[in-house]
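Colleague: Letter by letter, the chains look like this.
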Amino acid sequence: MTEEQKAKVRAGGRVKFVIGFLLMAAAVVYLIVSSTQAAAQYYLTIDELAAKGDSIRGRDLKISGAVDGDTITYDPETLTLRLRDEAQAILTGRMGDDGVFQASELLLKCPTRYEEEIPLQSAGG
Amino acid sequence: MEADLVLANVGFFALVLTFLVALYGAGAAAFGAQRNKPAWVESARHAMLLTFPLLTLSSLCLIVLLVTGAYDVEYVASTTSSTMPVYLKITAWWGGQAGSLLFWSWLMAGFATAASARRWDRDREFLPWVIVVTMITLAFFLSLTVLFENPFAGLWVTSDGQQAVAMFQPGGAVPLVPADGNGLNPLLRHPGMILHPPMLYLGFVSFVIPFAFAMAALITRRTDDRWIRITRRWTLIAWLFLSLGLILGGRWAYDVLGWGGYWGWDPVEIAALMPWLTGTAFLHSVVVQEKRGILKRWNIVLIILTYSLVIFGTFLTRSGVLSSVHSFAQSAIGPMFFAFIALTFVASLSILISRWPELRGESQLDSMFSREALFTLNNLLFMGVLVVCFWGVIFPLISEIFTGQKVTVGPAFYERATGPLWAGLLFLMGVAPLSVYGRTSWVNLGRAMWKPLAVSLVVPVVVVALGARSWPAILTYWLIAFVVAVVLYEFWRGALARRKLHGENLLVALGRLAGRNRRRYGGYIIHLGVVVMALGIIGIELFQTETQGTLARGEQMTLGDYVMTYDALSVFDTADGRNVARAVVSVYKDGRREGELYPRRDYYYESQQAMTMPGVRSTLEDDFYVILVDWQPIAAQGATFKIYHNPLVNFVWLGGLIFILGTLVAAWPEREPAGVGRPATARAGLARA
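As given, the protein sequences belong to chains A and B, one line each in that order. Everything in the first sequence is counted per our numbering, starting at 1 for the first residue and increasing by one. Everything in the second sequence is counted per our numbering, starting at 1001 for the first residue and increasing by one.
Here chain B stands alone, though its shape is the one from the complex:
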């Protein structure tokens, strides 16, 4: 108990100290930059470097409190319990509101430190403003923990018998030490808890860095693309983390929530998707600025939007503003978030507007079929999806304000409205790699396109001949085939050119090709990952079948080519406070026995919550997904099962893995310094980027 008190106090004071240090850092950096006093900037840099060890200390205190079950600390009592395994107790760090704000802050401090750990010689003037932006963001999140959602606050009983939560002992109150905690919501007690929230936060927080550099470039009137080049790798990795966070969330929902799905167009899911949309658009349009010197203002707008959406996304998850499966309790931090987003959005836009004339483009959009035009179209499509998502999310609020009646939109809205936009983006993924910069015509583009296009058209023909009738599926299969054809074509042509020029064998040529132009070829691999995911999505969205029924022991039920028999059921209590009902079923496909599955239902006594764990047989071709819906304790009357058949769904996760590979290729440090000219390939005709 004494130790708990010490740890809680140390943790809290470290928080408060970091908050003050961050404020000092922001102020000193701004002052030093304005008055041209490098000593102040250096002091600010030291302050910034101090934030990470301080927050690490604070976080360690919280983790120790969580792991040792210090239930007199309110956060520990609400997110852990004695029956939870140690790894889950550690994940409780981000399992609740207060702890996750601390986790966010710790990541911010870490990334600010990492971003500043570089040779600043050429860009010394950026440093103070990067410190200002990162420290203001950090200070904001810390202010939420210090003032509103303190993870170290204790539980007390006041003199009139009320329960109270406070950091310091209220007058006349006595500490309350519950015998056990409430524990994490059972839905969260899953290995997914280790990866999904941290991955998402990593993505959110790392996007602050390119934003900070953008602001620094604006403020110091640097109109070149230096800030983009510096943050190129950051942006890629931020994008990867955010993508993985989203995919892992989908995978977790698929594994555990038991509705056979992976994405429900839940407002909180959309809140994480929106910065991904602007982030992906940004990834593409910065290439145009680097190559053609245009879209400068647009890129700033995009990164401002991404930053605001990152904070907005955190706000949506935390403030209880929208009804959603993810929502945490309503809390006073809502207005704080809203104010911060409004202030930073207005401030950053104002700076952009003040520099507007200096950001004039160095060339212009000559042709609608040029690469820069296609990249711009890509951005427009992403913004279109963003507008649809934003509309869907705020529509209930708007309708309530204007009509007094709350109206929501369900998944059907998002699917209908974004479907054509995604299709357009898939098509662009095929066309854009074949385009060239500058003046060109549709004839040139057509000439570049016709071979992969012709090859890809084989697929819809074959698919229709095999009996497919769903036109969205046929269209998407064609688009997928088109993109795959283009990517393979590009690798093929590039490798052939190298072989002609350098006499390398094909494999070496492929390796060197990707090595010399990592961003491009890594990007192609990522595009392959996207279409692989698209294949999985089509499979499960358009062709999922399901059935439900009650079986007596030994009886069977059928779904498509599959037959499932109900073999056995056992019901037992576990040591960690669960009642488990576990069924054994055998699965047969086309008459051949494929194996056994164990769908089960875990009932957590302390929180009175049940969790279904499906039994799933996974192959690349499909998933056979069985949920135990109900059973009779006296087994004579049998058990009720719900079965889903999800074709191609594992391509979704496979696509995610390909994302990782592609990003590694794109982000791997190059041997030559950035900006040095590369030997031209022998390919005559089409100009290469």
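For reference, chain A alone in the conformation it holds in the complex:
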């Protein structure tokens, strides 16, 4: 092959590669965008949630806050809730019309072991 022919072959190979790469990239972008829309959740603190008011009804949310130990009810028939006062919790779910947050998932953070740090949201309720 002449130098010119070799260069053409090289360029041809590169074009194929570039097209293939762009197709892959497009597929990944599509997957990301569609999945983000399907699965994105607002992440709010309690104050932010209160500030949002009605606009947030019915949307999938994650709420971060501190547990108020006095208000935990204990129902042995369905679930046991053993939450420590001031423990930091993250709830996933929806805000109901009655102003009660319906949680489908509850995540408790590992308590910190290094400092006596009160989670910011529990100071002052």
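Pulled a few chain B residues facing chain A out of the computed Cβ check, cut under 8 Å: (1) L1380; (2) G1384; (3) T1408; (4) G1410; (5) F1413.
FYI, nobody ran anything at the bench for these hints, they're computed from the structure. The C-beta atom is built at its ideal place from N, Cα and C for all residues, glycine as well.
Fit chain B to the known structure of chain A by using the hints.
Modeller: Frame of chain A; chain B shown alone:
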């Protein structure tokens, strides 16, 4: 108390000394290489060799302090307590932030020493730069312990009654010696603590070595693949450690966290997954560079990415930047990590760019169906998963910066976005082994593929005939069958060829076959491990069922083919400060009694934390997984149980074991020196790698 002080001071000074020695080593090596003064490089090598014994001393001091309960040392007080068994006290070395940074550093020093313990004759010019990279990395981690997170700092009470943590006595302060420590978080008090963090760290740290050699090759303008060949075994073993670390984490979560799951797409889990993705891509693409001399620049990019992701992963776990079950307290080391990653990333990319023209490929991608093209596609798919993961992890930060509102993405995002990509990778695992290098066509590939493909199609047909309707499951079963068929086909054909050529019996032929081409056949075994894991994942992800209910003593509940009766409950205190509620349940399958399970709840008095330990009946077919949710002290009203049925889940762990076997085969030292030609097999037609 006196002894504690001595140990803490010795440990700390050893740390500081190692930090200075590492800095000296990096500087001397760079100077010696630039000015061509071998004496300086030799001095740097000695400095590097000094770091491991020094850090071993420092670590031993910490371990002794942990085991003897020296609670005047703040780290000991926060991670151990008198009720913990000795083995757990030792694991407290990596149980907290400061100690785990020391552990990371100790591993780095160890691996740097091991990497340099080789005959350097051919590659003498690499040595100084390997020292530079490893020592700079080591110095960084040591700087974090020396300046911010000192595991040897003591507890003091200042003159105005405040508690303080400091290495040296603050003016007017008095040492504080707590009567007992806080102890490890109960969730960590489990044998998993022995293996999961160390395995993960082993994986992280050992990836620094191939990165160091890559940088050395770049800087010394060596454009061949020597650096890849030297680090081949390192990369394989690093990959194995990282894989095992991830699998062990999943196993531990499954055993202990009580949500019946093993992977939650937690940001910290993803932080460990990302270097695994680039590492696996790297494992494959270096083969292409060795065989065809292309993808040189891409391989450098991949190893730079892997290194940065390793540091980034350590950063995500340590800095409190993201909300996650794993997060440790917020700390000043966040900005330090961020700066280090940014600097090393920019520096290594700059070196790559300066050498760009010299790394031109020696051939090109001729055909979309060639092996090198398929390996490139494999890399693209892994990068696709990486981009998805990275996006999911930084999305909350980005959305907060740009919209003022923090938005997160849950597991559903990752599953939807990566599902098709994993499926593509499974398919490639079947196709690529049958492909050839260089010019080829889809006809050739089809001709190589059709037999295993036809055999594999039997599986979806059978599965659908048996009543399966979930199309993701059917598709995955087919892909799994396809990969298994291809691997068996490859072993079969290779062994047959050897038998024809050498007259060996089939078993010997199989052994010699794998022995002569360890990387390839070890790789096939690893692929088998992957699809075995995929089978387990499909089982538990798509077909898990659960139920929950309250039972009085003697009553029973049903889930699928299983019936469980609640027999007894005992509540008692243990010597190590726990209150244990332990239920006894009997499990029946299809009417036949299978045995007893003991789901229990441990409540740790000192930390006021409860831990659920499920009772699990495990077979290859499924797990029957019982959690004690609640009970009444007066047993009349009964107990509440949650039951999961997890089909096929044990294939996940079995797959992990096969990984180990495959990596052993692939990494085992070969009798012939690397690079010597091997006798060709008799197989005409398809060219072999």
